[in-house]
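Asker: Based on the hints, put chains B and C in the right spot on chain A.
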Amino acid sequence: MWGAMVLTPLTKEDLRIVGFNLSRISYVTGFVLFLPIIVAIFFNEFDNIPYFLIGSAISFILGSILYHFLYTQAEMELKHALVMAAVAWLFAPLLASIPIWLSGSMASPLDACFESISGFTGTGLTLAPDIDHMSRSINFLRHFLQFMGDGIGIIVISLSILGRTEMSSVLAFKGEAKEVGIRPSIVRTSRIIIGIGVMFLAIGTALFTVAGIQEGLDPGQAFFDGLNHAMTGYATGGFTVHSQSLLYYHSLWVEVAAIVIMIIGALNFNLHYAVLGGRRSEILRNLEVRVLLFLMVAFGFLVSSNLFSSGLYPTAESLFRKGFFQVISAQTTTGFQTVPPVHLMLVWPVFSILILSLAMLLGGSANSTSGGIKMLRVGVLFKSLVNEIKRSLLPRSAVVVGSFHHVEETPLSDKIIRGSAVIAMGYLILFMMGTMLTVLHGYGLEDSMFETASALGNVGMSCGITSPSMSPLLKVTYMFLMWAGKLEVIAVFVLIGFILLALRRGIK
Amino acid sequence: MKRAVLVILLLLLLAPSARAETLRELLDEPASYDGRQVSFRGEVIGMIIKGDHAWVNIFDNGSAIGVWCRAEEAREISFIGDYTHRGDIVAGTGIFHLACAEHGGDVDIHAISLTVSEKGHVIERPMDVLLFSVSALIALAAVLLSFYLWHLRKERRKRVPWPFY
Amino acid sequence: MIVGLREFSLREFLKKNLDLITGIFAEIGLTVLVMLLSFALCLLILIFS
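Residue numbers (our numbering), protein chains in the order written: chain A, 1 to 508; chain B, 1 to 165; chain C, 1 to 49.
Just chain A, with the same shape it has in the complex (with noise of 0.2 Å):
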């Protein structure tokens, strides 16, 4: 595809397409930044809402400022679409982390766009000093911009509030990385994902809220927790309420609860779409539901295994509590932990802590709210390995063809091999070089490998690497590796084209 392109040179029409249609990713983020004032009058937070007022003007102000001056008709391409997701992805979360600087949240402005990137990307990895005395309004936000970026995500509101002319559409759809087949029409698509958004989010505030009270929460807190965590969970993202994650509640209850809300946001959208309109037989089926959970339950066996002969967990209900749910939570992407991060480092073995990095780096399903390399891709290329092996035992002539059950048979093209593997590559590589960063920092290897991958995959579990103490260069290393893992690596390396190409030779 790249090599039958001919580059031809940047022009300024180039920057004023994907400078324009930023006005639009500004105005929702206007938007998103006003509904945490109604979570401040409810709890009389009335000393907060100026951040939020403030945040959202000047994301209004932008807003109107590109709308004005770069207005343009012209015809988005995949280029610009690329470059577009990519720019909006440090652009909303540097528009949203200014309420969160302004409240004194955070120990610096870096420290609030990593806040707010990691938000966003529904990573989960926190700099945050102090969640428990943090205002109900600025936290709610945190979980908000979880749920608006990564559980719906930022360009599909946009997509499908303000619509568009169907090409540009498809082409900004795709460069968030979602591929187009729920419905033919793409602001339809969006609403279908919003859709089935908030009808998760409404089952795991349900969910939550109940095995909040029957545990002995009040029914209030229960519902602002479970609210908060059925969005962060549906998101696959990560961020809690509280500075112990889920280990708060001391709870299987909630434990289950996040489990539940946790593997239905590591599913496809697709399959939502096709499960949820009768086609129920798809559940099992389906290649990447089938990877999932086949690498859910193997990798927990295996590190409930580690950790039984270690002797930290000797119940039965600890190794699921421990081992089976820090497992789930990684392969998931979404991060909540009922482990304190210090322990992943200090006291889990590293044979458990190695397998948890391999399930983060792996991923969920792919169109799904999880980050990682995403089963689809893996269960491809693992399904070409088998197919090679075939290959070179059989003669010459034989033809070996596979296919994959993915909502529908499709055959395993060369196409779709490359492209998985091209992908794969990308994140390897970002994945090696996060780690030596980190190395270099002074980490520990397994643990490097751990926090690279926790951002790298958008997952946000940490092993205390990540902490307001950490170096502003390590800091902004995980920020690009958040945002880079978001976009499945290719948008971003689009972009580092478009910069260099821009460079070279110039704009016309």
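The set of hints was computed from the structure by calculation and includes no laboratory data.
Ideal Cβ placement from N, Cα and C applies to all residues, glycine included.
Careful, some of the hints might be misleading.
If you want the footprint, here are the derived chain B segments under chain A, 3+ residues with CB under 8 Å [unchecked claim]: (1) 38 to 50; (2) 88 to 96; (3) 108 to 121; (4) 141 to 148.
Answerer: Same frame as chain A, but now just chains B and C:
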């Protein structure tokens, strides 16, 4: 005799006073404290009463641990820390568990005794009226500006038609 | 669910919502299956140690 008593008193006064292990130490060196009696101290940030026992989550300098204590002890707590409250500071002794078998492998402290050593208080967060008014005005202006510009474009498009797809 | 102004079929409406509800249960059921399987494996680990 008097001298002996004086010497003993002096020794007692000069003896190092036992200090509570900080929560951070407990978490950072779990192996040294696992299963042992420790003393703890921290601000209450969460309380869940379960029958005749309760979970009291305490926070100190960035670290937090759950303390499993008797419900009557927990009911002595008046303030739970959050945005508008500084929680009671509680202190006590208990057995530290790295992976409590009774509680599904959780990190916890089973309290032998838990008392409120410092009462918490309400934290005032007054609204800055000037800031509120100014920011509300700016936000309103920004939104109106956006609508106005959008309206402008619509009008301009009506007069100078652009090829639509 | 969006019901258009075309002919309204009660049967279709009920079927769609029934599909939705059974779909939700199917998905939640899947997660419960995973949890039961996981817990069974934990017991297995304990037994065979």
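Asker: Failing hints, ascending?
Answerer: Numbers 2, 3 - these are the hints that the structure violates, sorted from lowest upward.
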